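Asks: In order, the protein sequence lines correspond to chains A and B.
Count the first sequence with the numbering used here and you get residues 15 to 524, in order.
Count the second sequence with the numbering used here and you get residues 4 to 154, in order.
For the record, the hints were derived by calculation from the structure and aren't laboratory data.
Every value quoted in this text rests on a predicted model; they were computed, and no experiment measured them.
Among the hints, erroneous ones may be present.
Claimed, not checked - Calculated cross-link-like contacts (lysine-lysine; reagent style PhoX-like; alpha-carbon spacing at most 20 Å): (1) B/LYS68 to A/LYS446; (2) A/LYS513 to B/LYS68; (3) B/LYS40 to A/LYS515; (4) B/LYS40 to A/LYS466; (5) A/LYS446 to A/LYS236; (6) A/LYS508 to B/LYS68.
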Amino acid sequence: MENMQLLFGGFETVFTLQNVSACLLGAVLGLIVGAMPGIGSLAGVALLLPLTYKFDATTAIIMLGSLYYSNMYGGSFSAILLNIPGDSPAIMTSLDGYPMATTRGRPGQALFTANIASFTGGTIGILILTFTGPALADLGLNFGPTEMTALLLVAMTSIGWLVGENPTKGVVLTLFGILMASIGMDTVTGSPRYDFGILQLMGGIPFIPFVIGAVGFAQVIKLMEDRNKVTEGAVTQKLTIRGSLLTRHEVRRLLPPAFRSGVMGTFVGVLPGAGATTGAFLGYAMQKTFKSEEPLGTGAVEGIAACEAANNAAAAGAFAPLLALGIPGSGTGAVLLGGLMMWGLEPGPMLFTNHSDFAWGLIASLYLANLLTLAIALCIIPFLIRILSVPVKYMIPCIVTVCIVGSYSTSNSMYGVIVMFVSGILGYLLDKNGYSTAPMLLAFVLAPLLEKNMRRAFTTSQGDPSVFVDFANHPISAVLMLIFFVIICVPIVKLIIRKVKGSKNTTPAA
Amino acid sequence: MFKKITSKQMTPICTALVAVVFIYLGLTKYGFWGGVKGPLPGFVPTIVAVGLLIMSVLALLQSFKEERGNFPALNWMAAAGALGVILATFVIGMIPSIAIYVILWLKLFEKASWKNTLIVWCIIMAIVVGVFVLWLAIPFPNGMIGDMIMG
Numbered sequence: 015m016e017n018m019q020l021l022f023g024g025f026e027t028v029f030t031l032q033n034v035s036a037c038l039l040g041a042v043l044g045l046i047v048g049a050m051p052g053i054g055s056l057a058g059v060a061l062l063l064p065l066t067y068k069f070d071a072t073t074a075i076i077m078l079g080s081l082y083y084s085n086m087y088g089g090s091f092s093a094i095l096l097n098i099p100g101d102s103p104a105i106m107t108s109l110d111g112y113p114m115a116t117t118r119g120r121p122g123q124a125l126f127t128a129n130i131a132s133f134t135g136g137t138i139g140i141l142i143l144t145f146t147g148p149a150l151a152d153l154g155l156n157f158g159p160t161e162m163t164a165l166l167l168v169a170m171t172s173i174g175w176l177v178g179e180n181p182t183k184g185v186v187l188t189l190f191g192i193l194m195a196s197i198g199m200d201t202v203t204g205s206p207r208y209d210f211g212i213l214q215l216m217g218g219i220p221f222i223p224f225v226i227g228a229v230g231f232a233q234v235i236k237l238m239e240d241r242n243k244v245t246e247g248a249v250t251q252k253l254t255i256r257g258s259l260l261t262r263h264e265v266r267r268l269l270p271p272a273f274r275s276g277v278m279g280t281f282v283g284v285l286p287g288a289g290a291t292t293g294a295f296l297g298y299a300m301q302k303t304f305k306s307e308e309p310l311g312t313g314a315v316e317g318i319a320a321c322e323a324a325n326n327a328a329a330a331g332a333f334a335p336l337l338a339l340g341i342p343g344s345g346t347g348a349v350l351l352g353g354l355m356m357w358g359l360e361p362g363p364m365l366f367t368n369h370s371d372f373a374w375g376l377i378a379s380l381y382l383a384n385l386l387t388l389a390i391a392l393c394i395i396p397f398l399i400r401i402l403s404v405p406v407k408y409m410i411p412c413i414v415t416v417c418i419v420g421s422y423s424t425s426n427s428m429y430g431v432i433v434m435f436v437s438g439i440l441g442y443l444l445d446k447n448g449y450s451t452a453p454m455l456l457a458f459v460l461a462p463l464l465e466k467n468m469r470r471a472f473t474t475s476q477g478d479p480s481v482f483v484d485f486a487n488h489p490i491s492a493v494l495m496l497i498f499f500v501i502i503c504v505p506i507v508k509l510i511i512r513k514v515k516g517s518k519n520t521t522p523a524a
Numbered sequence: 004m005f006k007k008i009t010s011k012q013m014t015p016i017c018t019a020l021v022a023v024v025f026i027y028l029g030l031t032k033y034g035f036w037g038g039v040k041g042p043l044p045g046f047v048p049t050i051v052a053v054g055l056l057i058m059s060v061l062a063l064l065q066s067f068k069e070e071r072g073n074f075p076a077l078n079w080m081a082a083a084g085a086l087g088v089i090l091a092t093f094v095i096g097m098i099p100s101i102a103i104y105v106i107l108w109l110k111l112f113e114k115a116s117w118k119n120t121l122i123v124w125c126i127i128m129a130i131v132v133g134v135f136v137l138w139l140a141i142p143f144p145n146g147m148i149g150d151m152i153m154g
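Just chain B, with the same shape it has in the complex (with noise of 0.2 Å):
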């Protein structure tokens, strides 16, 4: 039957085990009923989660009859650029990062011509630093490069 555990069984077994979570904290920690008090914390989430356990039950039974999901590799190299981003962005800064995944992107990846990457990174700067630093005056992260240039 463990040879036959695909991510068709995973969801349902992830669901299950954070309503085992939430009973246990509900129950232990947050409370359930306080006699006068009434309803605690823990109450709403502990009868969800109770549910949830057993809809994941029922979930995890129907699941042996589907396919297994396809999940390509090529799919992660989106994630995997955004994370680039995320991480970059504590050391040289949110924008600079973008700038440089942006020509990263379509040029080493998409082996778009320069003609187009200078299109698109024009478009995409345009957006950021004129949508959201100058109209919505957002303050993003200089990252510790950044901070150490500014002081």
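This is chain A alone, in the form it adopts within the complex (with noise of 0.2 Å):
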């Protein structure tokens, strides 16, 4: 009941003039880009960042938010009509959405089918953050720096692990990324370190100048072998809001896949690394478990409802982790969390108790956000094939653009510009090597959080290391230092059968 009174304190944060705005705003260039093909969520929200620094930190993070949210959204349409997903939680949809498209002759209702269903899973995504983030936040009250040590070193890891076609780089890339976010100045003495005599690098590399180039730049360098590409089997038909309703036994079909994804999705989005994509995946799996009226694969209405939902959810669940615990659940958390911070808001268990207004408020603009989208995303239906259609060789110097503007506004210096340069040089190297850079960003983030604490254990425990797996005094840290190291020595494991494997192969019997 009293998350419920504090839920109301957070909608009269929210329901102001410039919040409205700003969640509007923030809903309307989601969907834009989240619906264009190869940028995605994270991209979206790193290119778009800079535009919040004219707000306050509540209205930044509330447009933020619905930024976020409406991505999610907006990665259907393109899978639905093009067949090609606009973010990786939308490739499941595509399975079912694009057949109702086109072999059906359905674009629209499939379309309607998508929102409602995104609409249907974020409700219960938030609805389940209402109760579940305060919790969580109580939780971690217990944690003192040995927890926070362990809970952080699994986040990092698991993310890691979870993404990316090699566990081994993804760690590799969470180390690099500590080890990024140590140049500059130490955290604890604030004295400079690995500056290597450049007074630029002495006030460290600059979050959202790395994170545009190295997930913007990257990609638009990236889009180049595309520009010309034509997509074959688009929906080119003429879309109408009239046209694209659904029937009444369509929506009675909708729903119960909707609501089981919804709660299932919310579960997956509050564990590191998961995500949306997972929940998506999930959802899809789970449906198929279930009877649907059609086939999944052949445009059924389950199938969409089932990864919608579950992917909005999930985008609804990792704000749990992420206010309550400081924990962002991937690279897109990663971000909105370098935003928090950018304002000097330190999210963790503290943040529902010193800045309750705020943790309420953005909890609150969610809900803004979920129906202003679900309103937005049916009425743009109509103008969907023009904004699908724009050529991707037009789009390529409107996103170096941004890229080069956003860095500088958001440092006010050339060396910002050059950090975006040389940042997106890095990730489109280490993406066509196979590295995910959705590691390195989070690691970013988190590393100077991880420094403080580890370091506070470290002084408490005089230096004794086994304070971290210390069942008796410490058993939260025990636990989940038994799972960073699963994490670390699975790869190596893997590789020492595959090695003894290989060796027995070749070795000719006796």
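Join the two chains into one complex using the hints; note that each chain is given alone, in its own frame.
Replies: Structure, rendered in structure tokens:
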């Protein structure tokens, strides 16, 4: 009941002209960027981050939250109409969305199904967040430096393990990200370190230009390959809102999978590293175990509803560890966390106590963003074909320009632009070699928190590392460290097993 | 073995070198452990760098089974364009550099029609001037020439 009162307080914070406008702007931009194939939510949020500079912290985060949230809706548009997922969580949507739009000739209904399912899943996710967020924060209050260190290690390595093709590469970039973050001032003593005699490096690597480069600029370099690609089999028929409405029977088919996937997706979103993509995959897999009126993969309403509800619920669920523990569940979450820190707010257990207005304002804004995004997503159905048909070759100079002016505006110096350029090249090279940059960004954001807690833990234990695995005094830390070692050791053990198997196969039989 | 070295091997080799530099500086320059003081500024980076070194060696061993990466020369044109804007900014300022870049890119590189070039140009300049200059009031650099004109 107390949560509901605080939530109403949050709504009071949100319902100002400025905050509602920011939420609306975030929803529109998020939908457009999310719908553009090849940009994705991470690059979208990174590129639009500088726009929030004009606002105060609460308004800025409301806009970012709405942006992130509406991106999830937008990703399904190109998946349904072009068979090109706008983002990885929308991959599963294309399995039924595209056949429904083309083979069955009902693109409007496919979009409507995706939007209603996204709204349902998102609402379930936010409702669960309303009650679990503060409870998680209460749990977090019991965390000392030892527990926080162990939790951060698990969060950082698990995303490296779950994202990308190779867990070893994920861990390499996680550790690399921590080292990049250690350039500049020492978090405890304030003395300069690893600046290599370069004056600008004394202030560290600025986060936003680094993210814009590693994600946005790297993406534009990659897009060059596909800039003249013609999408075959894209939907070309004229869409209207009235012609897209679902029948009552279809709504009845849509709701049960949306509810199931909404609940499941929220809990997937809470797990570090799992995120919306895993949520969508699991939502679809779960639907396979239930009865669908039409077979999945042939344009079934149930298939679209299951994955869309799950990915939106996961996006909402990811806010619980982000706000309550300061642990983002994904690369996009890391950018949001970076945004929060930019305005001097430190997410974590104390956020709900010290900045209660802000935390509840953000949660309330998600309800508003969900509603606004649904309304806009339904209204833009007639214009979607035109939005999605913008050739990539015209988007390239637009994105390059936004990368340059965006990174300049956040640092007010050419140093920011140079950081963006270098990290863009780095991000492109890493991506081409199979290294996902998301773990690096997550580690970059969390590294100062990790260092502060790790040093405190070692100071109190007088340098004794066994404090982290002390079951008697620090059971939470011990369990988390066990998980951490499993995550670290699995790739090593796998490699050894593969080597042993390989040598057995090559040894001739005696 | 060295014949086999491709970009797939270069990444873990580079991260291993970064790790070695961080370990060396952490231990020799910034300090690891300070008796009563406890952990020093080099403490966490050194531990992390040791981990990075081990994982880089592991990634290097795994990389020999991977296929060579593909880096089309065309992709670098986007980077070359951005580099051109950065360099031109020091001379003529950021806004004129972007304005020229967009026209040159679309007309010369993409061979777009004047109509499409001008539409895209207007949209980009509206974003840059409308959002960043007028709304966010960002003082973009004028470059050497701009500074001379403005005195």
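Asks: Determine for every hint whether it applies to the structure shown.
Replies: Taking the hints in turn, this is what the structure says about them:
1. B/LYS68 to A/LYS446: 16 Å, holds
2. A/LYS513 to B/LYS68: 12 Å, holds
3. B/LYS40 to A/LYS515: 49 Å, violated
4. B/LYS40 to A/LYS466: 14 Å, holds
5. A/LYS446 to A/LYS236: Holds, at about 9 Å.
6. A/LYS508 to B/LYS68: 15 Å, holds
Going down the numbered hints, you'll see the structure goes against just number 3.
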